[in-house]
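Q: Spelled out, the chains give:
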Amino acid sequence: MADDARSIFSRAALSLPPSHVSLDLLSSGVCVRCIFRLFGIHGDFYSCPFLTGPGLNYFLKLQNGCQASISENGHGSFGIHKCSYTSEESDFDQKYCSICLGILQFPHDLYLGEGSSKENFSIDVFVEKIVESIKIANHQIDGFFLEVSIPPVIAANERSFWSYMKKKYDSEAWFKNKALYNQISLKDALRLSITESLEKTLSVKSGANSFHICLAYTNSEASLSLKNSLRKVQSSNRRRTEKENVVKVVDQCGNGQLDSREQLCSKSDAAILKELSSLDDHTFCDIFELPPKKASNSCKLMITCYRMPMFIGGRYLKFSRKVSQTLWIIDDERMGEASVEEIVGTPALEICRGDSYKFHAAGREDIDVRMLGSGRPFLVEVSNARCLPSMVDVVQMAVKINNSEKKYVMVRNLKVVGSEAWNLMRVGEAEKQKQYAALVWISRPLTDEDLQSISSVNNMEISQSTPIRVLHRRSPLERKRIIHWMKIEKIVGSSQFFLLHLCTQAGTYIKEFVHGDLGRTFPSIGSLLACRAEILQLDVTDVKMDVFI
Amino acid sequence: MAEGQETLEKSPLSSLEKSVEDEERRALLIPDFSDLPSIPRSAVESNFVRYYAVDFLKPAHDQYIYRHANGLCVIGLAPSHAALNEVGGVQSVDFNVGKSNRSELKVTGKRKRNAQHLQPDSALCYVCADGTYYTVRCCVKGSLLEVNDRLIKNPELLNLAADREGYIAIIMPKPTDWLKVKDSFLSYEDYTKLRHQVSGSSASNVC
Ligand SMILES: [Zn+2]
Numbered sequence: 001m002a003d004d005a006r007s008i009f010s011r012a013a014l015s016l017p018p019s020h021v022s023l024d025l026l027s028s029g030v031c032v033r034c035i036f037r038l039f040g041i042h043g044d045f046y047s048c049p050f051l052t053g054p055g056l057n058y059f060l061k062l063q064n065g066c067q068a069s070i071s072e073n074g075h076g077s078f079g080i081h082k083c084s085y086t087s088e089e090s091d092f093d094q095k096y097c098s099i100c101l102g103i104l105q106f107p108h109d110l111y112l113g114e115g116s117s118k119e120n121f122s123i124d125v126f127v128e129k130i131v132e133s134i135k136i137a138n139h140q141i142d143g144f145f146l147e148v149s150i151p152p153v154i155a156a157n158e159r160s161f162w163s164y165m166k167k168k169y170d171s172e173a174w175f176k177n178k179a180l181y182n183q184i185s186l187k188d189a190l191r192l193s194i195t196e197s198l199e200k201t202l203s204v205k206s207g208a209n210s211f212h213i214c215l216a217y218t219n220s221e222a223s224l225s226l227k228n229s230l231r232k233v234q235s236s237n238r239r240r241t242e243k244e245n246v247v248k249v250v251d252q253c254g255n256g257q258l259d260s261r262e263q264l265c266s267k268s269d270a271a272i273l274k275e276l277s278s279l280d281d282h283t284f285c286d287i288f289e290l291p292p293k294k295a296s297n298s299c300k301l302m303i304t305c306y307r308m309p310m311f312i313g314g315r316y317l318k319f320s321r322k323v324s325q326t327l328w329i330i331d332d333e334r335m336g337e338a339s340v341e342e343i344v345g346t347p348a349l350e351i352c353r354g355d356s357y358k359f360h361a362a363g364r365e366d367i368d369v370r371m372l373g374s375g376r377p378f379l380v381e382v383s384n385a386r387c388l389p390s391m392v393d394v395v396q397m398a399v400k401i402n403n404s405e406k407k408y409v410m411v412r413n414l415k416v417v418g419s420e421a422w423n424l425m426r427v428g429e430a431e432k433q434k435q436y437a438a439l440v441w442i443s444r445p446l447t448d449e450d451l452q453s454i455s456s457v458n459n460m461e462i463s464q465s466t467p468i469r470v471l472h473r474r475s476p477l478e479r480k481r482i483i484h485w486m487k488i489e490k491i492v493g494s495s496q497f498f499l500l501h502l503c504t505q506a507g508t509y510i511k512e513f514v515h516g517d518l519g520r521t522f523p524s525i526g527s528l529l530a531c532r533a534e535i536l537q538l539d540v541t542d543v544k545m546d547v548f549i
Numbered sequence: 001m002a003e004g005q006e007t008l009e010k011s012p013l014s015s016l017e018k019s020v021e022d023e024e025r026r027a028l029l030i031p032d033f034s035d036l037p038s039i040p041r042s043a044v045e046s047n048f049v050r051y052y053a054v055d056f057l058k059p060a061h062d063q064y065i066y067r068h069a070n071g072l073c074v075i076g077l078a079p080s081h082a083a084l085n086e087v088g089g090v091q092s093v094d095f096n097v098g099k100s101n102r103s104e105l106k107v108t109g110k111r112k113r114n115a116q117h118l119q120p121d122s123a124l125c126y127v128c129a130d131g132t133y134y135t136v137r138c139c140v141k142g143s144l145l146e147v148n149d150r151l152i153k154n155p156e157l158l159n160l161a162a163d164r165e166g167y168i169a170i171i172m173p174k175p176t177d178w179l180k181v182k183d184s185f186l187s188y189e190d191y192t193k194l195r196h197q198v199s200g201s202s203a204s205n206v207c
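Protein chains in written order, with the UniProt record's numbering: chain E, 1 to 549; chain P, 1 to 207.
Extracted from the complex, chain E is given alone in its bound form (with noise of 0.2 Å):
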């Protein structure tokens, strides 16, 4: 074991700045992982379990022993570890490092409570409650993304470290080349401390997948004292500002008091740390201790895991004229006898044994009208899926909607997609055609006239004026659509009965298109024909888009 520490220390050592500095820092409360990282430590060193405060300082004391001992005879660089080993005995007594509050630490007592064994650091017990956390949320997983919320002060203690090395070591030779240390962040020094482990104890690897393991951090004392920090700034600003309304103003920030300790606690944290970033060097080093002051209090820490959501697409036919497309409730009571949402989301749901689902489809039709034909395209995207349905999952669950009782929706080429489909699907939406079938009828015998006439339609515009059974919470618009194409399917036995075959732009309004809707939608078969025209029953007979065919 000290073998593996002094090696490591012995490398890192060369990148890091000459040991007065470092143990500089130690005294000053930073942890052995902050150093690396601010300045600019790659490598596997991260997930050592021996970075520890005493062992480095133990280490940069035999290094500098030896200089001192060189040095005795000459220069008088005595005072500088000197001044470090004095101080370091009450150094240590502080737990956690003034810059990243413990966060590359690994206390146990983050998770395990007070009354816990204070001296246990430890990557391995850390990653052990990662992994019970998961294990009780009982995901089936395949790979994980680590994301990592930090408290915005983390940002304040990182600018505050740095404003104190210039202060202190500006005029040194080392210091110059200070743009060398490409610094890690701590999100990314956490990521290559646990990473391996966490890897290797879940047998999954870590990257860019959908089941993201989130650790949030959180110190609210911390945060608090920050947005005070804060806070004097804007009222000294205010005052600079309003000179004249002095009294005022304080008045005001008495008054604020109560108040603004709730506000600036929901400020958002992107907020503090703009607010943060845009404060000049000479205000910042006014407001904030230089080193950062050195920390009683760990952060807490939140372990939770979800899936991104998932999507399973396909199409559907809708057989019944009593079942609405989405859950339709008026005044409390269910529209309709069911719905496709439903019909096909709640398996969905089973399967993916998620926490809840949405159904999404590429344009909507009436409930009284039937979906026919190819179908229409859909979407359930289920929200933190614990299982990764396979095909065959997907395959059964198809058939079991398909075989239902009630017959009432089928599904075809339902299959897990990736999030993309939802954008390809809202893109077709706007340009694809649908087809019809109408059964109308008109007020005098069909000719053959008539067929002609209508089927000689090709592209041709009309002009609707929002309908007047939507036009209570639509806007008022009268739009262009375009009929591409109409074909008369005669009745036998009736003369004023026919099937109407048609195929128009999406959006077209087609029961209007049919009665003329008191004029408002022109031509209309109606008018076309110059009779009265009317609508008994519609059914969508094919929708042509490109997605889920």
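It is worth saying that the hints were derived from the structure and are not from the lab.
Partial list, derived from the structure: chain E residues whose beta carbon lies under 7 Å from chain P:
| hint | residue |
| --- | --- |
| 1 | Leu372 |
| 2 | Leu439 |
| 3 | Trp441 |
| 4 | His515 |
| 5 | Leu518 |
| 6 | Glu534 |
Glycine included, every Cβ here is placed at the ideal spot set by N, Cα and C.
Fit chain P with the ligand to the known structure of chain E by using the hints.
A: Below, chain P with the ligand without anything else, positioned relative to chain E:
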């Protein structure tokens, strides 16, 4: 896995069964004749409840208020309106009613910005028949969503299909305002009894 492949082949809508499916679809589309009425209800009859305001402010100023399930009201001239029964019928329609021209304000957006708020006795337009001008009123308190400006160029729509293409305006009353005024109107049945009119939808559709 073997079981999975089996179910894959049994998938109910595989391409092999496409032709069968097409035939089934055709069967679905062709209606059952016994279910069809000889003359179906019109879109107006099935989508609106028909109310009538007879002698509104003046004798024989009979108007209809067709109320859609969504609350919107279509306002127009009832068949017994004096103007429709003059010799030659309605000759012109003018939406310029003094203070404002009802056909000029354009309502926009879901929230119906710019809509004029009208009272029951607010004038919607004047119709001229045989030299006499008749004021057509709003009948219900509410927002004026649109007027039928096709009547300006083609007043004949009133004589041919006053209850369809010849409607005058669309009003959006507040639900409470509607409840207050609703009982002052006649139902379709009471109206036909009173006026001995058969307000069937006109047989032609002229635009
Ligand atoms: Zn640290």
